[in-house]
Amino acid sequence: MPFHDPFLLCLLALLALLLCGDGAVRVFVRGLWRSVPVVTWRQGGCHMAGFLMAFAALGVVGHAGAAACLVALALLFFGGGAAFRPIWGVPALLGYGLSPTGLGGLGLMALCLWAAGQAQMSRVGQVVAIVLLIGLGHGGALAHPLLWLGGSVALVAIGLLVELGRDWEVLLRSCRLLRPLMLLGLMEISRQQGLSIGVETAFCALLLDVTCQTIAAIWPFAVCLSIPAPPLPGFVVGWMGLHTALGLSGGTEGWAVIGCILAIMVMGLSLGDGMVSLREAASIQPCKRVEWGIGLIIAALLPSLCGFVTQWMPGAAGHRGAWFYRLPGGDGSMIALPLFWLVVFVVWWGLSRGHVKTWQSRIRMDVLAVGMQAPPLRLWPIKRLVVRGQQHIGVVQSSGRALLSSLPLRDSSAVFWLVFLGGVLVMLGLAQ
Amino acid sequence: MPYFIDGVRLGLELVCQSVALLAVVPLMVWVMEDVPAFLVGRAVAPLGSRYRRFGHFGREILRYGIDVESGLMLTLALLALLILAGMSFIMPSCLGLVGAWLADPLLVGSLILTGALWAAPSYFGQVVRCWFVLCLMESFLVLAAPGVTGFLGVHHLLIAAPGSSLAGTALCCAVALAFLTPVPRREVLAAEMIEQAWPPSRAERDQKQRILELYRLGWVLLVGDSLLPVLFGLEGLGSVAGFIGRFMGGAALIIIGRATGLSRYRHFVALLLGLAGLMALAGRFAV
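Chains A and B are the protein sequences, given in the same order. Residues 765 to 1196 (the working numbering) make up the first sequence, in order. Residues 879 to 1165 (the working numbering) make up the second sequence, in order.
For the record, the hints were derived by calculation from the structure and aren't laboratory data. Do not take every clue at face value.
[Said to hold, decoys possible] Which chain A residues face chain B? A few, computed with CB under 7 Å, are given here:
#	residue
1	Gly-1096
2	Ser-1097
3	Met-1098
4	Pro-1102
5	Ser-1116
6	His-1119
7	Trp-1123
[To be verified] If you want the footprint, here are the derived chain A segments under chain B, 3+ residues with CB under 8 Å:
#	segment
8	824–837
9	990–996
10	1026–1039
[Stated by the list, open to error] Here are some chain A residues pointing at chain B (derived, C-beta under 8 Å):
#	residue
11	Gly-1014
12	Gly-1015
13	Thr-1016
14	Ala-1020
15	Arg-1090
16	Ala-1100
17	Val-1108
18	Trp-1112
19	Arg-1165
Just so it is clear, CB atoms sit at the ideal spot from N, CA and C, and this is done for glycine as well.
Construct the entire structure; sequences and hints are all you get.
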């Protein structure tokens, strides 16, 4: 049963939060005794069924085959045929059912990433896909963290290559998909290397990240929470991920350089996600003062709450109250961000208390949107690099051909068989 | 009860620090803006006029308050300056809070970058570039000294092991930061405000310029802190001297970079960062 696993319990709680906040589900429930338009009612019913399937999938996580069927059903209910293409979805899920912790986990990952990246899916459906992926893929990540990390990066890269010609925003939107997966990979690598504080911090960052996405799915204004500007939770996610990776590079032998690269990657993903969030925040309707207040309180308390839950769930005996005045990085460094928030509130109130009453909530995020309309990422340097590489390859090929023509091997098939033979011999030598 | 007394002492400490900081801010602005102009040979206003202008700004705020949005930005700027100043008068343990738990280069640098982005959204590309430099700097510092916490941690490590690779890493990062200008200059900001037609009134534009001056000073202090972390963790009146010393170091670095035109070459930043990374790696693998 998953109820002994704190990780799955957190994910189930997030799913329940989504279920309570989803507008379509609310319409469906109201439609049970009142008249609502049948199209929206049917959509709400689909969401409801999808949620039930998702709950069931997380409940039977031990039985990979049943979980795979339920995942397929949930994705179908949420996104229809666009989210689940049976032609490659069924073999991928079959792979997951056969070896859930091995290579088959990549099939599930491809499926869920594809569904979460689809623009036709509602935000709620995207978050459900991410939650399902994290919950069901946890076993695979636990067994082979490196495979998980490399597989997620490779799959997102393949998705980008497929989609890149269509839409530039795909590049940025994939940051939001990749970051939780990288945090999960970091968590499991830290566990493998025996860095308990890194595990805790990465778990906290992962939980914070998914919680922010959940809240943003049910309350569009909350997308501002994931902007990586300092006192906001988006920055905390990036900072904790960065320091977990740095702790990995500082605390273990073989990870010194790769940990640094991972750290920069996590922070870069945060930045890309922040650009998408800024663009989404620019299109939000101005909202009331009360909503601003609620948003500020959530922003101030959410990291501490996530950390508290992180430490409370596994029942670790530690100084739990400390989460309410400081947040640890994974490598022994701390930031006293909650105290910082406290001082900010006090000073801010002192400076502009006379203006709060008359303050009109005039979101001026559109000013930021001007800066966001920078010309799209030009890939000219990369294209130039590719062309130069092709030229180099051509030179090497021609010189190789000239070299080969002096040998008696004119036949290209003979060269292939020789290389094949050499490869087999090398494999045999490695196997011994 | 002891918690209460500690809280009161902490509040007193913060008030003392703020007063000391606010007394020095106009002088710092004068050093950063008027002294280079004076050295070039232009006529500049005396130091007293800077103090008068800041006094006017403060009086306006105390009398009428400040707009909510500008108030948040002013708060963040003041806190960033307070964190970077790293002073301590009554309560030395407060330095552990402000200097170690908050003086994270990435945290404070991002605070400054947030202010810059708020003032001039068209600086977005520049801000992103500076942000990557900050991330790299944080990684290199941790790589050179695993488990270091804030500038105070760097200070303690440098005292414990002088001449380590950490000093070289911090120096290279400081020079790289000095060649970047994330916060828009006065003229750029004025042009930006005219273009956007926001804020509408002249008084508010002046306020915005004052707030941005604080952010500019914050960047200078960040450069100074990473240039001379040895002067960071002093106590009592020595901390004010260390603060001034660090600021002067950062200001000298930035003014030299601007005067010699070195800051126009973007490749230097990449070169210096590469050097910092090499030093950090060398220090890590030498142990």
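Each hint, compared with the structure:
1. This hint holds: A/Gly-1096 has a C-beta 4 Å from the nearest C-beta of chain B, less than the 7 Å allowed.
2. With a cut of 7 Å, the hint placing A/Ser-1097 at the interface with chain B holds, because the nearest CB-to-CB distance is about 4 Å.
3. Checking A/Met-1098 against chain B: minimum C-beta separation of about 5 Å stays under 7 Å; hint holds.
4. With a least beta-carbon distance of about 11 Å to chain B, the hint placing A/Pro-1102 at the interface is violated under the 7 Å criterion.
5. Interface restraint check for A/Ser-1116: the shortest CB-CB distance to chain B comes to about 3 Å, inside 7 Å, so the restraint holds.
6. Of the supplied interface hints, the one on A/His-1119 holds, with its beta-carbon coming within about 5 Å of a beta-carbon of chain B, less than 7 Å.
7. The closest approach between the C-beta of A/Trp-1123 and any C-beta of chain B is roughly 5 Å, which is under the 7 Å cut-off, so the hint is satisfied.
8. Counting residues of the segment 824–837 of chain A whose beta carbon lies closer than 8 Å to any beta carbon of chain B gives 0, which falls below the threshold of three, so the coverage claim is violated.
9. For the segment 990–996 of chain A, the proposed coverage by chain B is satisfied: 4 residues have a C-beta within less than 8 Å of a C-beta in that chain, meeting the threshold of three.
10. A count of 5 residues in the segment 1026–1039 of chain A with a Cβ less than 8 Å from any Cβ of chain B is obtained; the coverage claim is therefore met, three being the minimum.
11. The beta carbon of A/Gly-1014 comes within 3 Å of a beta carbon in chain B, closer than 8 Å, and the hint placing it at the interface holds.
12. Using the Cβ-Cβ criterion of 8 Å, the hint placing A/Gly-1015 at the interface with chain B is satisfied: the shortest such distance is roughly 7 Å.
13. Hint status for A/Thr-1016: violated, given a least beta-carbon distance of 10 Å to chain B, over 8 Å.
14. Because the closest C-beta pair between A/Ala-1020 and chain B is about 6 Å apart, less than 8 Å, the hint holds.
15. Interface restraint check: A/Arg-1090 against chain B, minimum CB-CB distance 6 Å, threshold 8 Å, status holds.
16. Below 8 Å, beta-carbon pairs count as interface contacts, and A/Ala-1100 has one with chain B at about 4 Å; its hint therefore holds.
17. At a threshold of 8 Å, the smallest CB-CB gap from A/Val-1108 to chain B is about 5 Å, leaving the interface hint in force.
18. At a threshold of 8 Å, the smallest CB-CB gap from A/Trp-1112 to chain B is about 5 Å, leaving the interface hint in force.
19. Against a cut-off of 8 Å between C-beta atoms, the interface hint on A/Arg-1165 is violated, since the closest Cβ of chain B lies about 38 Å away.
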